[in-house]
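J.: What follows is each chain in one-letter form.
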Amino acid sequence: MPTRHTPSHRLLVRLLVAAQVLYVLGVAGAGYATTAYGQHIWLATAPVELHSLQYESFVRLRYTAAEAPLTAWRGASPPQRRQAVYVLLNTGPDSLATVAGVYAKTLKPNPGQAVLRGWVTEVYNHTLGLRYNLERYYVPGDSPLRLGKTSPAVRVRVSIAPWGQARIERVELLKKPTAAR
Amino acid sequence: MSRKFLETESPAWVAEGLISEAQRARLLARYPSDAVQAVGLLPLLGSILVGLSALSVVAANWQSLPTQLRLGLLLGSLMSAYAGGEYFLRRGNRRVGHGLIGLGLVLFGASIILTSQLYQLVGYDISGLLAWVVVGVLLSYLYNSQTLILLPILIGAAVQTYCTQALGIFSYATMGLVALGSGYRWWRRPDTLMASVLAVGLLWQAALWVALSHSKITWFFIPAMLIYAAGDWHRDRAAGRALQGPPLVAAYLFALGLALFGETDQYAGLLRPPVLAYLGALAALFALSVAGKRQQGRLASLPDWLLLLPGFYLPGGLPLAIATLVVLYAHAGSVLARAHRSGEAEQLTLGTVLFIIATMVAYFKLTWAFLDKSLFFLIGGVLLLSLSWYLRRRNASRLAAGVASAAGNAPTPTPASPPSPPEPLA
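As you go down the protein sequences, you meet chains A and B in turn. Numbered per our numbering, the first sequence finishes at 181, counting up by one with no gaps. Numbered per our numbering, the second sequence finishes at 426, counting up by one with no gaps.
Just so you know, these hints were derived from the structure itself, not from any lab. There could be a bad hint or two in this list.
What the hints assert, rightly or not - With the C-beta cut set under 8 angstroms, the calculated list includes, among others, these residues of chain A facing chain B:
1. VAL13
2. LEU16
3. VAL115
4. TRP119
To be verified - Pairwise CB distance ranges, derived in the manner of DEER restraints:
5. B:GLU346 - A:HIS51: 54 to 62 angstroms
6. A:LEU70 - B:PRO319: 55 to 63 angstroms
7. B:ASN144 - A:LEU22: 51 to 59 angstroms
8. A:ARG60 - B:GLU346: 48 to 56 angstroms
9. A:GLN80 - B:THR367: 43 to 51 angstroms
Unchecked claim - Negatives, chain A to chain B, calculated, CB over 10 angstroms:
10. HIS51
11. THR127
12. PRO162
13. GLN165
From the three backbone atoms N, C-alpha and C, an ideal C-beta is built for every residue, glycine too.
The whole structure should be built from the sequences, with the hints applied where relevant.
T.: Okay, here's the thing in structure tokens:
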């Protein structure tokens, strides 16, 4: 095992460190590219609880699309907890997306539709609980959410990259925030 | 031996004529006082405090820093940790050097997580975490350091925990990377601590797999005994035993649980995997283990496999509990017999403890229902006391005989006084 400080050992270490830096830059690049080349949709949520912002840097978003009726399930076998699914959403140019169907396999959306990856959290009698891993929103320092209005109603702008990766672009307040006292 | 011990004991050695005063002075000079080293820690403590203050300033303002600055801070600290590590290694300070390189590895993981967070990227692809494990394994090959060997094992266990708990998938790639990457590193450069940590890390991942796939928990012992068999094939006996420790402890606890709760058929029913598949896999591993033991000349440890006897296929109820107890006794007896042959004090202690545990379980199991409770505790106490007295006496006489025979073989005649009996076993 090369543990001496030979030139080849030093070269290997440098290559490995360079690969790590490139990897982190690649993650950042994927973030930019998702916004630049992705499909943009609006998702509706329940009013946001801002209490957690006092202790953490993120808030939890509870999407309306996190619950789908069992009739929307389009799979060969019944859905199971923790199963990975593809959620077909109907979108409009500026309207909130609604669940059109939950699929077990990937599919190609028609115009006016988008596919978001998700997981089944729970199977109830008539509904499916879904999770998109978009539930945590790390609130930037200049976000209006930081102004401290309790439980504001918001809508969430999500971009979905052609390769399926999704990210929250921004969170918008539905009404003008009242100025903090 | 500590410096303090040397300082307090050595005057007596001089008085008894074991060493001369000059030799005592040379011995004391060989082990310098610890006070000098304690002063050497002050700069380290100081730099930790300065580092913590910088960290808290950055953490408090993290969300309001511009994106580019955050990325720059992460990459800058990553590169400076590695550069600092290389610098200290070149100057010959191995501990600080390896510590900084380990810090660099941790910072790489933090950079991946925080960058994903920065761009609100969802965590459903685990490629980032996998890259972290890959880099950890590669670093452990580039440096000869215990810290850097243990880090990828711990990171792998953490990544697997995240995958199974948060994402609901089992990452076979992570398991394979740790098993083959860190495993091969151990095979080439055996080390007892690393062997135990590696075995525990892999067992943890195996347990997560069983929990996630809702398999019968007995399937856990297939990967566990694969780890055990790998220990049999290793040329270094101590390192092999260290790798085998965790799987054996798991198998023992399982057998103990079976003896305690095996009576209810409901519990035994939870344990029964398909007979042919399970027994076939276990038999293959047994053959692999026996071949390894034979090649390395360690067939004496074959009774370890007693713990793996699939007694849970027996109908539940008293027969199962009693059969398991017989197995526990046979195992404890085999450990004691092996220890008596080799004369190892630690093995004797272990065998004694195992024997007493088996007796306790048997006693509680078989007499609780029949005896008056005060009589139950009285007989149990007397039984254990007499058993421990007997085993201690046997072990002490056995070890004393070993010491005496060793002294008899020594070339110089020993003084007439008999060797003092060894410390009685716990």
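J.: Going through the numbered hints above, which ones does this structure break? Give me the numbers in ascending order.
T.: 3, 6, 7 and 13
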